[in-house]
Each structure stands twice: as C-alpha cells, then as structure tokens.
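Read off the chains here:
Number of protein chains: 2
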Amino acid sequence: MSHNVLTYLQENREQLLEKLKEFLAIPSVSTDSSHRNDIQQAADYLVTYLQEIGFKAEKMPTGGHPLVYGEYLAREDAPTVLLYGHYDVQPADPLEEWESEPFQPVIRNGRIYARGASDDKGQVFMHLAVFEAYMKTEGKLPVNVKVCLEGEEEIGSKNLYAFLEKNKELFSADFAVISDSGMIAKNQPTIVYGLKGLAAIEITVTGPDHDLHSGAYGGAVRNPIMALSHILASMKNKDEVVTVEGFYDGVEPLSEDERKKIAQIPGEDFAEATGAPETVSEKGYTPEEHTMARPTLEINGIYGGYQGEGTKTIIPSKATAKITCRLVPGQDPKRIQKLLEEHVQKTAPKGVTVEVKKESGSAKAYKVEPNHPLIQKAAESYTKSLGKETVYVRMGGSIPVVEWIDDIYDMPIVLLGFGTPEDRLHSPNESFPLDSFDKGMETLVYYWEKVASK
Amino acid sequence: MSHNVLTYLQENREQLLEKLKEFLAIPSVSTDSSHRNDIQQAADYLVTYLQEIGFKAEKMPTGGHPLVYGEYLAREDAPTVLLYGHYDVQPADPLEEWESEPFQPVIRNGRIYARGASDDKGQVFMHLAVFEAYMKTEGKLPVNVKVCLEGEEEIGSKNLYAFLEKNKELFSADFAVISDSGMIAKNQPTIVYGLKGLAAIEITVTGPDHDLHSGAYGGAVRNPIMALSHILASMKNKDEVVTVEGFYDGVEPLSEDERKKIAQIPGEDFAEATGAPETVSEKGYTPEEHTMARPTLEINGIYGGYQGEGTKTIIPSKATAKITCRLVPGQDPKRIQKLLEEHVQKTAPKGVTVEVKKESGSAKAYKVEPNHPLIQKAAESYTKSLGKETVYVRMGGSIPVVEWIDDIYDMPIVLLGFGTPEDRLHSPNESFPLDSFDKGMETLVYYWEKVASK
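For the record, the sequence lines run as chains A and B. Numbered according to the numbering used here, the first sequence spans residues 1 to 454. Numbered according to the numbering used here, the second sequence spans residues 1 to 454.
Accuracy of the hints is not assured; some may be wrong.
Identical copies go unnamed one by one, so any copy, or any two together, can satisfy a pair.
[As the list claims (entries may be wrong)] Cut-off 30 angstroms, straight-line C-alpha distance, at most; resulting in silico cross-link-like pairs (DSBU-like, lysine-lysine): (1) K238 - K358; (2) K59 - K158; (3) K146 - K439; (4) K283 - K350; (5) K260 - K166; (6) K261 - K350; (7) K346 - K238; (8) K367 - K346; (9) K238 - K261; (10) K21 - K140; (11) K388 - K334; (12) K350 - K238; (13) K238 - K283.
The set of hints was computed from the structure by calculation and includes no laboratory data.
Based on the sequences and whatever the hints tell you, model everything.
Below is the structure:
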C-alpha cells in the first residue's frame with residue numbers, strides 16, 4: 001500500500017511545497033507579544049488542514065498561546081501514536097542578516113529558506129502531508145493518531161506541562177513520536193537517544209538610580225556593567241569549566257564506551273559550520289563530547305548603558321544579562337537555577353543591587369533505551385529510505401516536552417528528526433533541505449507501516 | 001554702571017527665560033547624525049543673537065559641525081577675552097525616564113528642565129544675555145570679546161584642535177573664560193583649578209560568524225559575551241583599582257596638603273545624589289579624592305546577543321563594550337589608549353577575534369595656578385554676588401578645549417561655572433536652577449568690570 005502513498009507525495013510535491021510556504025509565511029513568533037494574531041493564524045491553519053484530511057481538530061486554550069489538538073481514532077486494530085510538534089518560531093532578528101525575507105519562503109539551491117522551515121513548522125507539515133497522502137489514496141491511516149501541536153515551545157512551553165497533566169486521558173497513547181530534531185549530517189539516518197535539559201535565568205545589576213556623568217561621579221560609585229562583568233566572568237573560566245559551586249554535582253562521568261561511540265559518529269566541522277576562529281570546549285573533553293554529553297552555560301544576551309553612535313561618558317544605572325544552561329542527566333534544573341542565583345548574589349560586589357529572575361521553561365535531561373522495538377523500526381525505516389545505517393546520538397538541544405511526556409505518561413518516545421546541521425536553527429537564513437522533505441516523508445510512510453504490522 | 005545692567009537683567013528676566021527656552025528647544029544632539037539640521041539651527045540661533053547685540057558673527061565650517069565665531073573689539077582701552085562654550089548636547093535617552101520632554105523646556109520648583117539646560121546651552125546663554133544687557137543700557141561692553149561656541153564638545157571636539165591651530169590669530173586674546181563647569185553646591189562659589197583628561201576605546205569581540213543554537217553548538221565554540229566579560233573584569237578589580245599594566249605610571253601622588261584641602265571642601269552626599277546603595281572608591285582613597293584627583297576607568301555601554309522579551313537560546317556572534325577613562329596630570333591619553341588595547345589583546349581568550357577602536361576626543365588633564373589675579377577677580381565676583389567665600393576644587397570631568405587653549409595659546413584660563421550637583425548632566429531630567437541663572441549673570445557683570453578696571 002505504501003506505493004500509492006509515495007506516488008501521491010511525488011505527484012503532488014509542488015502543491016505540497018506551496019501549502020508549506022503558506023504555513024511558513026505566518027510570522028508565529030511566540031516570544032514577542034506583537035505577534036499574538038500571527039500565532040492564532042498559524043494555529044487556525046493547522047486546525048483547517050487537519051479537518052480537511054479527516055481529523056477531529058480544535059484550538060485548545062492553555063492560558064498562553066493555544067494548543068492545536070487533533071485526533072484520528074478509526075483503527076481499532078492498530079496502536080495509537082501521540083504526535084508532538086510546535087508551530088511557534090524564534091524571533092527572526094537580526095533581520096539585516098537574512099538574504100531573503102524570513103517570512104517570505106523561497107526555494108534556492110535545493111533548500112527552502114524561512115524562519116521555522118526546519119524548527120519546527122517544516123517537520124510538522126511533513127507529518128500532515130503524509131496523513132493527507134494516506135487519506136487521499138487509502139482512505140485511512142495505518143495507525144490511530146493524536147496530534148498535539150504547541151505554540152509556546154520557543155518560550156519554554158510555559159503552559160504545556162500543566163495542560164498535559166490536566167488532560168491526561170485526552171493525550172494518552174501507546175507511544176509518542178516527535179519530529180523536532182535533526183540528523184547529524186544530511187541523509188545520515190540518526191536516532192537521538194539523549195537530550196539535554198534547560199535552566200534559564202536573567203541577571204539585572206543596578207547601581208545608581210539614573211545614568212551619571214562619568215566625570216562627576218566616576219570614582220564614587222560602582223559601575224553596574226563592570227560589576228556584571230565580574231559576576232559573569234566568575235561563572236565560567238577560560239577552560240570552559242563552569243565555576244558555579246555544585247554545578248557538576250550528580251553528573252554521571254562519560255564512559256570510555258560512550259566516548260568511543262561519540263568519536264565514531266561522522267560529525268560536522270564545528271569551526272567551518274560556525275565560522276568561529278577555532279573550536280573551544282571544556283578542558284578534558286572534545287567539542288563533540290561537550291556538545292552531546294556535558295553541561296553548558298551560555299550568555300545569550302547582554303545590555304546596559306549607551307549603545308548608539310560615538311561615545312557617551314556615563315556611568316549607566318543598570319546592566320542585564322540573559323543566561324541559559326544545557327543540562328545532562330543527574331542535574332535538576334530548579335536546583336541549577338538556585339545555584340546560579342546563590343553564586344550571583346555571593347559574587348556581587350558592594351555598591352550595587354542584583355536581581356536574579358528564574359525564567360520558565362526548565363527541563364530535565366532525557367535518555368532512552370536505543371534497543372526499544374519502536375526505535376529499531378524507526379532506524380530500519382530511515383535506512384530503507386536513505387540507504388544508510390542509522391547512527392545513535394545524544395543531542396545538545398533540549399525538548400522539555402520529551403521529559404514531560406516521559407514524566408506524565410511514561411510511554412516510549414521516538415525522536416524522528418529530519419533537520420540537518422546546515423539548517424541554521426534560531427539564526428538568520430534558517431532553511432530545510434528538499435531532500436529531507438522528500439526522504440523524510442518517505443521514512444514516515446515506512447515507519448507507520450512497520451508500526452502497524454504486528 | 002553695573003546698576004543699570006543688573007536692573008535690565010531683572011526687568012527683562014521673563015523675556016530672557018523665554019529666549020533661553022527657544023534655544024533649549026532645539027535638539028542639537030551632536031553624536032546622532034539624524035540631528036544634523038538641529039545642530040545647524042542651534043548655530044544659527046547663536047549667530048542671530050550675537051548680531052542682534054552688535055557682534056560680528058558667523059558660522060565657520062570645521063569639517064564637522066560648524067563653530068560659531070563672534071567678535072566685539074570696540075574697546076581699545078580694555079583687555080580681550082576669548083569666551084568658549086558649546087551648543088551641542090548629549091543624547092536624551094533613555095527618554096521614558098524624563099518627567100517632561102527633554103526638548104520642551106519647562107520651569108518647575110525653581111529649576112528649568114531640558115537637555116542642555118546646564119551643559120552647556122544654559123551657561124552659554126547667560127553670557128550672551130549679560131552682553132545684551134550691557135549693549136542695551138551702556139551701549140558698549142567693558143571688555144573686548146571673542147566668542148568661540150562649539151558644536152562637537154559632547155563628541156570629543158573632534159575638529160576643534162586643528163581649527164584653533166589653523167586660526168590661531170583669530171582666537172588670540174589676553175585670557176580665556178569658560179563656563180562649562182559647576183559649583184560644588186548650589187550658591188557655593190567654586191573655582192575649578194584642575195580638570196581630568198579623557199581617553200576612549202570601543203571593544204568588539206567576535207566568535208561565530210552568525211548567532212548559533214546554544215544546544216547544537218554550546219560546548220564547541222567560545223561565547224563572545226563571556227569572552228568580553230573576562231576581558232572587562234580583568235581591567236579593574238573589586239577594589240576599584242585599574243589592573244591595566246602601566247595605567248598609573250607617571251601619576252603624581254596625592255599630597256597630604258591636597259588631601260586635607262579636598263577633605264575640607266563641603267562636598268555632596270554621593271550616595272544620596274546618585275541613588276547608589278553605597279559609595280565605592282579606589283582602595284586607599286575617599287570618593288572625593290578618587291573623583292577629583294585619581295584616574296578612573298568606566299564602561300559606558302555594553303551590548304550583544306538577544307535583548308528582547310523572554311529567552312532566546314543562542315550563542316551570539318558578537319559583543320561590544322564602550323570604555324572611557326578620566327585621566328590626571330602625568331597620564332598621556334594616546335599612551336593610555338595603547339595600554340588598554342594591549343591589555344585587551346593580551347587577555348582575549350582563544351576562539352574569538354577582538355577589535356579595539358580608539359575613539360577621538362582624547363584630552364590631557366589640566367591644572368592652573370589658583371592665585372592668578374584673573375582667577376582671584378573671579379573669586380571676588382562670586383563672593384560679591386553669592387555672599388560666600390570661594391572654594392578651589394579639581395573636577396573629575398574633562399574639557400579638552402582647556403588643555404588645547406593652554407597648549408596652543410598659553411593664555412590664562414578662568415573656569416567660571418554655575419552648574420550644581422543636582423543638574424543631572426548627561427542624564428534624564430537635566431535641569432539648571434534659576435538661582436544660578438540670576439546669580440550667575442550678576443557674577444559675570446561684576447567680573448567683567450573687575451577685569452576692565454586696571
């Protein structure tokens with residue numbers, strides 16, 4: 001039966017790409033309240049699409065941006081899968097660095113360029129397109145499906161955990177599939193069996209209650225930017241070792257076996273992919289080991305004082321820094337936030353006040369058993385469509401929902417990702433390869449049939 | 001004769017304040033190119049006013065913003081004074097912190113509120129108003145006057161030195177008067193006999209060539225904000241001692257006598273004036289000693305990465321910091337810039353590239369002889385109008401032109417300032433007390449007559 005479905009996908013490729021472009025053209029930026037209406041529009045697009053292909057679908061209020069729920073439960077003889085994805089995207093700034101408009105999708109050099117093309121609207125769309133192909137050719141899907149499409153993933157899925165808990169029955173299924181990750185190289189079948197957790201804080205240092213003339217008051221008060229620099233510099237040393245007391249407590253050491261596995265993965269050239277002068281990683285670990293299996297602390301943004309042309313001779317009143325940590329198994333995000341806060345308060349010099357805001361969207365790290373049959377079927381499906389052996393990796397990224405589904409439902413979770421390292425997630429010129437679009441949908445078709453066949 | 005002049009100033013007070021408001025209403029922000037036309041308008045206002053009161057006046061091109069030159073040379077029997085001031089102002093941001101519009105001057109609680117009210121348009125205006133009073137009542141001034149009003153003081157007087165050098169004859173005079181400083185307390189006669197120098201740099205740290213997903217690349221590349229924090233934190237320790245090698249070379253030690261003098265000056269309460277939790281100063285020096293007589297290093301602004309609402313999990317491509325140092329006698333600004341650059345390059349960690357931009361507007365520090373007759377006459381004039389003994393102080397601020405006039409003309413320079421510590425120079429809600437406006441003009445009337453009388 002897969003033959004007709006695959007043929008449909010090939011014959012309708014152009015229309016499907018056009019339909020995808022409509023979806024990507026909606027600037028559903030979740031962190032910026034000025035895009036509230038675009039978020040609604042993106043959710044409506046999904047509800048409509050799901051209804052067109054025979055799902056029961058609706059927007060559900062979460063207290064924040066709506067969640068799109070859809071269900072197809074016509075197969076008494078088949079298992080039920082919970083499919084998670086998100087329709088919100090990261091901000092597009094800095095806009096001037098985009099070669100084409102972030103929300104005017106264009107195809108060039110075999111890639112589709114737009115914010116969300118890979119993370120995660122493009123991958124969500126592939127699932128719906130595959131369902132469409134089944135319904136239009138076979139009139140039914142091989143499995144039962146519950147769809148959970150979120151609008152707050154890029155702002156830490158603020159309301160999702162409470163929502164899943166409150167609607168536990170609604171989302172219960174035999175297993176979950178999430179396509180919000182990538183392959184380690186284009187057309188390299190990849191199963192992600194580990195994810196990092198996340199903990200975020202914002203530090204604001206306040207000195208004087210207004211900007212001061214640096215001549216009149218320089219020498220009498222503490223400069224809040226300098227105070228913030230001392231605090232930040234005390235959190236990670238030049239060996240990339242986090243120096244916040246207790247940060248590494250409970251982190252399981254990297255086994256020789258796992259280090260071998262990581263070394264064998266055909267990885268990307270980090271310096272080439274990032275344009276950095278050279279790679280830098282935690283003392284005693286390779287960049288591959290650090291990104292996949294060791295915790296990180298990154299400053300995501302900083303601001304304070306004068307940012308305009310020329311010089312302005314002031315002592316500013318305030319300075320702010322945003323920090324996120326990627327965590328590994330054994331680290332509790334709430335505890336890490338607390339350790340960071342204690343460190344900041346402890347290292348703050350006199351003459352300033354320091355405020356630490358604990359951001360929402362914390363997540364524990366997650367690891368699954370690579371040998372689970374549902375994961376093995378995924379590996380086989382990849383290999384069938386891409387003609388290569390599947391590799392198993394841990395990912396530096398965080399998908400809070402993975403930990404939460406595990407926590408609330410304790411069901412197997414399969415991470416079926418089709419992105420590539422060149423996709424520039426969260427950066428200007430995000431894109432998604434049309435190869436992944438085609439081969440990914442083919443992989444999904446094989447997978448649903450393997451899952452359906454007892 | 002001073003009687004008529006003073007009477008004129010009293011009787012025309014309202015009209016003069018209205019005329020001052022017109023001047024302050026022009027947003028002549030020199031650092032921001034979008035205000036180019038406002039700069040021209042402010043210069044035109046001055047040329048017109050000078051011509052109205054019988055000066056020969058014109059705008060002179062400098063290569064940057066125009067300089068307003070005016071001359072009154074009708075008195076063969078009197079000395080000639082070179083009067084310097086500036087008509088450009090600091091940016092008004094952060095705008096939301098102003099209680100009234102920065103360029104819609106209003107009077108409340110005995111103060112006139114507007115950007116430039118004190119620094120320096122208000123004080124420039126007082127001189128012209130006094131000249132107007134003389135011409136309208138006596139038909140002449142007691143002294144010959146050459147007026148040099150600059151439009152680039154707040155951006156480091158980029159073109160002034162070359163201009164003064166090129167037009168040496170034009171500006172030559174018997175002595176110079178500058179009203180761009182303040183009194184240490186309202187109605188406390190103050191002679192500034194020392195000024196600090198200035199050296200400015202901008203540091204930009206670049207890591208990856210685009211913003212990166214902190215999950216995909218955290219652990220593989222250096223975070224440019226963290227690298228910048230390490231560099232900045234290494235420039236000044238928590239004791240407020242600058243740790244840049246060679247920074248204090250050539251700085252003359254503070255004599256016990258000068259420390260006593262400084263201790264006796266009725267100073268302001270720095271914590272109260274700034275709203276800082278407590279004062280902080282260089283180890284071994286009081287805040288008064290540090291601000292007046294010890295060099296400082298301040299970070300004026302910093303930016304990099306995400307500054308919007310919520311969190312954005314990126315490793316940014318770049319981070320930038322703006323730094324200015326206030327210098328004391330013995331420190332050469334160019335050398336200080338070089339030391340800062342060497343320090344930054346030396347402390348920059350691997351994995352990033354660092355660019356140091358040496359900003360224009362450097363100035364050497366300056367000290368004058370407090371016992372010079374022209375300065376004594378100023379002290380007597382203050383005392384006559386304000387009824388208090390004059391105190392002699394060194395100022396933390398920098399007025400490059402003072403050093404340049406000294407350097408090029410070697411003429412005595414008298415700093416006749418009328419600002420107060422509450423004026424909020426360079427900050428939101430800048431203002432100038434009407435007391436200083438009235439008493440300052442009275443002081444100027446007395447001064448010109450003392451100077452004229454052999």
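Looking at the structure, which of the earlier hints fail to hold?
Failing hints, ascending: 5, 8 and 11.
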